[in-house]
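So the sequences go chain by chain: A and B. So the first sequence is numbered by this note's numbering: it starts at 1 and just counts up by one. So the second sequence is numbered by this note's numbering: it starts at 1 and just counts up by one.
Treat the hints as calculated values from the structure; they're not laboratory data. Glycine included, every Cβ here is placed at the ideal spot set by N, Cα and C. Any given hint could be a false lead.
Below, a list of computed lysine to aspartate or glutamate pairs in the DMTMM-like style, where the Cα atoms sit at most 25 Å apart [unchecked claim]:
1) A:Lys31 / A:Asp107
2) B:Lys346 / A:Asp137
3) A:Lys40 / A:Asp5
4) B:Lys23 / B:Asp40
5) B:Lys346 / A:Asp269
6) B:Lys261 / A:Glu354
7) B:Lys254 / A:Glu354
8) A:Lys31 / A:Glu6
9) A:Lys31 / A:Glu51
10) A:Lys40 / A:Glu6
11) B:Lys346 / B:Asp297
12) A:Lys171 / A:Asp137
13) B:Lys23 / B:Glu136
14) B:Lys261 / A:Asp137
15) B:Lys244 / B:Glu314
Rough simulated footprint, nothing fancy, chain A against chain B, three-plus residues with beta-carbon under 8 Å [unchecked claim]:
16) 60–68
17) 264–272
18) 331–344
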Amino acid sequence: MTATDELRHYLDAHLPAFRGQWGEQPEFEGKLAWQRILQKGRWVAPQWAEEFGGRGLDVVEALACSEVLAEYGAPGTAGIYGVANVGPTIAQWGTEEQRRHLPAILDGSEIWCQGFSEPGTGSDLAGLRTRAVLDGDEFVIDGQKIWTSDGVRASHMQLLVRTDPDAPKHKGISALLIPLDTPGVERNPIRQITGESEFAEVYFTGARVPVSSLLGPLNQGWGVTMTTLGHERSGVVTYASQVQRQVEAVVDSLRFDRTGRELSPLLRDELVRRWVEGRVVGVLGQRSLASIRATGQPGPEQSIIKLEWSQFGQRLAQTQLALGGLGAVAGPDDALMTDYLRARASTIAGGTTEVMKNILAQRVLGLPS
Amino acid sequence: MDHELAPEVSELRRTVRAFLERKAPESAVRRVVDEGLGRDAEVWDQLAQQLGLHGLLVPEALGGQGTSFVEMGVVLEEMGRSLLPGPFFSNAVLAVGALTASGADELAAELLVAVAEGRTIATVAFSEGLTGRPGESTAAARLAEGRWRLNGQVEAVLDGRTADVLLVVAPAGAELGLFAVPADSSGLERTPLAGLDLTREFARVCLTDVEARRIGGDFTSGQRHVLALGTVGIAAELAGATQKILEMAVDYAKLREQFGKPIGSFQAVKHLCADIFVTAESALAVARYAARVAAEDSEGLVEAAALAKAYSSEACTLAAERNIQVHGGIGFTWEHPAHLYLRRIKSGELLFGDSAHHREELAGLLGLTAGSAVGPVARPAVRAASAEPVRV
Numbered sequence: 001m002t003a004t005d006e007l008r009h010y011l012d013a014h015l016p017a018f019r020g021q022w023g024e025q026p027e028f029e030g031k032l033a034w035q036r037i038l039q040k041g042r043w044v045a046p047q048w049a050e051e052f053g054g055r056g057l058d059v060v061e062a063l064a065c066s067e068v069l070a071e072y073g074a075p076g077t078a079g080i081y082g083v084a085n086v087g088p089t090i091a092q093w094g095t096e097e098q099r100r101h102l103p104a105i106l107d108g109s110e111i112w113c114q115g116f117s118e119p120g121t122g123s124d125l126a127g128l129r130t131r132a133v134l135d136g137d138e139f140v141i142d143g144q145k146i147w148t149s150d151g152v153r154a155s156h157m158q159l160l161v162r163t164d165p166d167a168p169k170h171k172g173i174s175a176l177l178i179p180l181d182t183p184g185v186e187r188n189p190i191r192q193i194t195g196e197s198e199f200a201e202v203y204f205t206g207a208r209v210p211v212s213s214l215l216g217p218l219n220q221g222w223g224v225t226m227t228t229l230g231h232e233r234s235g236v237v238t239y240a241s242q243v244q245r246q247v248e249a250v251v252d253s254l255r256f257d258r259t260g261r262e263l264s265p266l267l268r269d270e271l272v273r274r275w276v277e278g279r280v281v282g283v284l285g286q287r288s289l290a291s292i293r294a295t296g297q298p299g300p301e302q303s304i305i306k307l308e309w310s311q312f313g314q315r316l317a318q319t320q321l322a323l324g325g326l327g328a329v330a331g332p333d334d335a336l337m338t339d340y341l342r343a344r345a346s347t348i349a350g351g352t353t354e355v356m357k358n359i360l361a362q363r364v365l366g367l368p369s
Numbered sequence: 001m002d003h004e005l006a007p008e009v010s011e012l013r014r015t016v017r018a019f020l021e022r023k024a025p026e027s028a029v030r031r032v033v034d035e036g037l038g039r040d041a042e043v044w045d046q047l048a049q050q051l052g053l054h055g056l057l058v059p060e061a062l063g064g065q066g067t068s069f070v071e072m073g074v075v076l077e078e079m080g081r082s083l084l085p086g087p088f089f090s091n092a093v094l095a096v097g098a099l100t101a102s103g104a105d106e107l108a109a110e111l112l113v114a115v116a117e118g119r120t121i122a123t124v125a126f127s128e129g130l131t132g133r134p135g136e137s138t139a140a141a142r143l144a145e146g147r148w149r150l151n152g153q154v155e156a157v158l159d160g161r162t163a164d165v166l167l168v169v170a171p172a173g174a175e176l177g178l179f180a181v182p183a184d185s186s187g188l189e190r191t192p193l194a195g196l197d198l199t200r201e202f203a204r205v206c207l208t209d210v211e212a213r214r215i216g217g218d219f220t221s222g223q224r225h226v227l228a229l230g231t232v233g234i235a236a237e238l239a240g241a242t243q244k245i246l247e248m249a250v251d252y253a254k255l256r257e258q259f260g261k262p263i264g265s266f267q268a269v270k271h272l273c274a275d276i277f278v279t280a281e282s283a284l285a286v287a288r289y290a291a292r293v294a295a296e297d298s299e300g301l302v303e304a305a306a307l308a309k310a311y312s313s314e315a316c317t318l319a320a321e322r323n324i325q326v327h328g329g330i331g332f333t334w335e336h337p338a339h340l341y342l343r344r345i346k347s348g349e350l351l352f353g354d355s356a357h358h359r360e361e362l363a364g365l366l367g368l369t370a371g372s373a374v375g376p377v378a379r380p381a382v383r384a385a386s387a388e389p390v391r392v
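For reference, chain A alone in the conformation it holds in the complex (with noise of 0.2 Å):
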C-alpha cells in the first residue's frame, strides 16, 4: 500500500468524526486536536525522519500526501510554524538535545514561533538589534520584536539576535531557542485591522537562557535563517494547489448558487480572470514539482508562485467582496469583508511584493544590487 493509500484510510476512519466534533474549520484549539489525532498516525510531517516522528518520506511523496489532505478539506494543524520552519532547521543544525523538541512540534505540545521582525527592521531583517550578550553560561537577551506569527500563544520561540555588534549585520546574528515563559520575557498581542489579534509584540528585559540554547554556530545565525526560509520553499507548491483549489470552490459556488442575481458580465469576466490566474498559479505549482522531482528542489518558479500567491489572494478577495453585493458591507456575515482585510497582509508578510521583486531580480535574474 502507498503512503497516500494508507493516509485516505486514516483520514476515512478518523476526519469524519473530528468533523462531527470540531465542524469544517475549526478554530486553533480544533486544530490542536486535529494534529494530535494526525500525528498518532505519523501524519503531521511525514517527510521527517522516523526517529523524530516523521515517515521518511522524500519531497515528492509528501507533497502527494499534502495533496490527500487538500482533496479531503482536512483541517490545518495548529503548531504550522513549527512544524514547516523550525523543525526541520533544528533538524539540520541542532544538537542532540535540540532535536528533543522535534516529536513535540508534530504532537503539538510545544508551539513554535519565529522572533525575526523588530520595529527597526522589517524587510531589513539583518538589521536586527535584539541583543544576546554572553554572561557565563547563560545569554543574557534585551530588545524587542514585532509582528511575530502565533507569538501570543506559542511556548517556544526561534529568536534571531544580535551577539556581534562589531562583525557586519549578517556575520553577527546568532539563533537561540527559547520558552517563552522565561522570565523577563513579555508579549502583547497586536489588533491588526481585521480586529483580530494573530502576531503579537515581544519584549525581552534581561532575560536569561543557558548557552545551550544557541542552535547552530555563533555568530552564524544568517545561514541558520536562511535554512529556515529554504524550508518553506517546497511547499509552493502546496501553495500552488491550494489556490488552484480555491478559485475553483469559489467559481462553483458561484455556478450553483441559484437564489440570487446573473452575475454582470463585467463581474463575470473578473471572476473568470480570477479563475485563470489561480489556475496560471496550479500549473506554475506542477512545473515546481517537476523540478522537486529531477533535482529536490524547486525551480525559481518557486519565489513567482510566492508573488502571484499573495497577490492572487488579495485580488480574490476584491472579486468576492464585489460578488457579494450589499451583503459584503452589510450583512449577517462577515467573513468576506474580514477576508478581505486580512488579504493586506499577504504582500507585506513572509517579504513584501517590492523586496521579493529586488530579490527575484538580484539572486534569479542576476541584475546588479
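We have chain A already, so just place chain B on it with the hints.
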C-alpha cells in the same frame, strides 16, 4: 527550465534552438522580411529534410514523425524565440491538424505525405475563428454536376499568399466542409495584406466559382479542434518569444549605465524585469500544460487552450511592451529587435482570439454564462488564499 519535459523532448528543443541560432539569426530574419521572401527557402528545406519538423504531427505511416503536440510545442517555442518567418505554423500545425481531423481520406493522406516531405505548403482558410470574431468569411460551397464549387471571400488567411494548397472551411449545405483548393485554381485571387507582424504573412482570398475537392465529412467539430490546436500553438510561440524578451531586458539592464551605474541596479527597472520574468515563466508553464493536454487528445483541450491563451495574450504583450520600456530610446528604433518581438507577440495576442475572447469562452465552459446566478451573499466553502496565517 526543462524538468517538465521528457529527455528526448529537451533534446529536440536544444537541436532546434541550435539550428535556428545558426541558420536564422536576426540578420537572416531581417533579410527575409526586407526582401519580401516570406521564408528562407534553404532553411525551409532543411527544417523538412534534416529535422523532419514539417511532419512532426503527421503519422509515421504517411512519412511523418508521428510525435505529439508536446514536441510541436517546444518547436513552436523556439520559432517564436527566433522570430522565424515563414508558413511553418500554418503548414505543420493548422493544415496537418485539419487534414488529420478530417478523417481518413485518400486526398488527405496524399497531402499529408507531401507536407511531411516539404514538397507542399498548405494552410487553412477558416470559416471563423482566426481572430475569434464572426464574419471573417463569406465563402460557401455548392455542389453542381457532381463537383464542388466555392464562392465568397475570406478576410484573412495566414500564409495565404505562399501556400500551394488552401484548405478552405466553408458551409456546404447544412454541414461545414473542408475543401482543398490548389493555389493555381482558376477563380482564386489572393491579395497580400499589410501585417503588424513583419514575420507573419496574411492574404485576403477571393473565390469565384473555384472548383474544389472536398475532404472528409462534416468539419464542424474538426474546425473547432484545429482552432484549439492553433490556440495552443500560438501560446507556445508567445511563451518562446517572451523567454527571449526576458533575456533581452535583463542583458540590457546589466549593460546600460546611467547616473554612473547599470540601470538594472535601480529598483524600478529591477521590478520591470521581475515582472517580465513572472510572465515568461508563467507563459511557458501554461503553454506546456496546454500542449500536454493537446497531446492526450482529450476533451479538456478547448479549456486548456483557452486557459493558455487567456493568460498569454495579455501578459506576453505587456512583457514585450515592458521590454521596450527597459530599453528606453534604443528600443524605439527600427534597428533594434524589440519591435520585431512586440509585433510578433501582439499579432499572436490577437490570432485565434485575445484574452477577453478566451475568458468569454471559459465563462461558458465553467457554466457562468446566462442562466447561472449568484446569491446576494455568495459564501464559498473555501475562503480567500490570505485566510491562511501568514509568517512574518
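Against the structure shown, which of the earlier numbered hints fail to hold, in ascending order?
2, 11, 13, 14, 16 and 18
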